[in-house]
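Student: Taken in order, these protein sequences are the chains called F and Z. The first sequence begins at 39 in my numbering and counts up by one. The second sequence begins at 108 in my numbering and counts up by one.
There's no promise every hint is true.
Claimed, not checked - DMTMM-like cross-link-like pairs, simulated, lysine to aspartate or glutamate; straight-line CA separation at most 25 Å:
(1) F:Lys46 to F:Asp211
(2) Z:Lys282 to F:Glu55
(3) F:Lys128 to Z:Glu206
(4) F:Lys128 to Z:Asp185
(5) F:Lys136 to Z:Asp242
(6) F:Lys44 to F:Glu55
(7) F:Lys161 to F:Asp105
(8) Z:Lys210 to F:Asp105
(9) Z:Lys144 to Z:Glu249
(10) Z:Lys218 to Z:Glu206
(11) Z:Lys211 to Z:Asp146
(12) F:Lys46 to F:Asp166
(13) Z:Lys144 to Z:Glu206
(14) Z:Lys218 to Z:Asp146
(15) F:Lys128 to Z:Asp242
(16) Z:Lys113 to Z:Glu206
(17) F:Lys136 to Z:Glu249
(18) Z:Lys144 to Z:Asp242
(19) F:Lys128 to F:Asp211
(20) Z:Lys113 to Z:Glu249
(21) F:Lys136 to Z:Asp185
(22) Z:Lys210 to Z:Asp146
None of these hints come from the bench; they were simulated from the model.
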Amino acid sequence: MSNNSKLKILTNGFLNENPVLRLVLGTCPTLAVTSMASNGIGMGLAATFVLICSNIVISALRKIIPDQVRIPCYITVIAGFVSVVQMLVKAYVPDLDKALGVYLPLIVVNCIILGRAEMFASKNGVVDSALDGLGMGIGFTITLVIMGSIREIFGAGTWMSGLGSLIPALGADFAIQVIPESIDPFTIMTSAPGGFFVFGILMAGATWLTSRPKKSAKTEEAVEGGNA
Amino acid sequence: MEMAVKLASIFFTMILVDNYVLAKFLGICPFLGVSKKLDSAVGMSLAVTFVMVMATAATWPIYTFVLSPAEAAGTSRDLGYLQTIVFILIIAILVQLLENFLKKFVPALYKALGVYLPLITTNCTILGVTILNLDNGYNFVESIVCAAGAGIGFLVAMVLFSGVRRRVEQAVTPKCFEGLPITLVAAAVTSLSFMGFGGIVDAIFKV
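Pulled out of the complex, with its shape left as it was, chain F reads as follows (with noise of 0.2 Å):
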């Protein structure tokens, strides 16, 4: 297989088969966590791990597991790295513990990683499902990077807040404010509703860029207008 079809299966997470805004897989954690950018990366992060490891347990095991009880292996190999995630995240990172709360139990039942398994890894060699996980991984972080950061900038005034628990070298009360504090925020994009919103208006914004990829530039500016 060449260079170049691996280099495509790991870029196909990103835009034309986004998990999240094109499959419409893993919508759940995407609409809860994402109130602040700093949730997002963290969520997409521990997701991601779990993405490339179940994709390569379950792509190595793909001859071994009988097709009749393939799902609750899935879903044992899946549930196992998760464990692993919530452990570590508890012992390093507690307050990223708090915040992304029952969210990160809940990778379990996340569409996402089941159904890379059932489509991809279970069909596929050991490199290329890693490929695929990672590239699933990233547009998963992406997605939810860029909607936390839309609901946090409208609803919050600030960017990135949070981060400092993620790498320490920042300092506990690190943030971007993007808004002045003098304009009052527009609370309710971080509330469910503005959930719920922000995700349906970057669904049609990912239609229109691939459907239409040459006025890719035109469709940003048609997202960003939507939630002003």
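Starting from the structure of chain F, add chain Z where the hints point.
Tutor: Showing chain Z alone in chain F's frame:
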């Protein structure tokens, strides 16, 4: 009496204020996938409620007495870290058992719920409610009531939204908004209306 008030307040909080779909973002996949028709929305929600209560009744005692009993706290006997793995397996087994049981003994109910049962294993509301019950420190009865409330809340959200959706599908929308994007925007409005219930339960039950 005090107990009854507490249980009632948990029940109504789960339906109106902490609605799993519209306020906590759990179970969005079936919410978007199955809410197109009213009867399938009701069927799915009833199946979810049923499994939710059963799963809570099974996982609460297993966690409290087997995985992490009070006397084992802080020792190596404390197996609390196995929570995720054990719960998801319990739910998967339970769903399978339920499917076989209904098929054999209650064929009418099986026909009504049958298609939705296998989907429920990966519905995050089920795993979510079992974990949140333990996080909140509810006792057994409170957990069961909370699970039932969460299920009814899911039903309410699904039924309301299937009505909204029927209107939205007839509307003329820009091409890139067709299908899911406009549905999500409609969900935002539905969720906005549920925010109006904030504080209502506290005010009624004075808790």
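Student: Of the numbered hints stated earlier in the document, which are not met by this structure?
Tutor: 1, 3, 9, 16, 18
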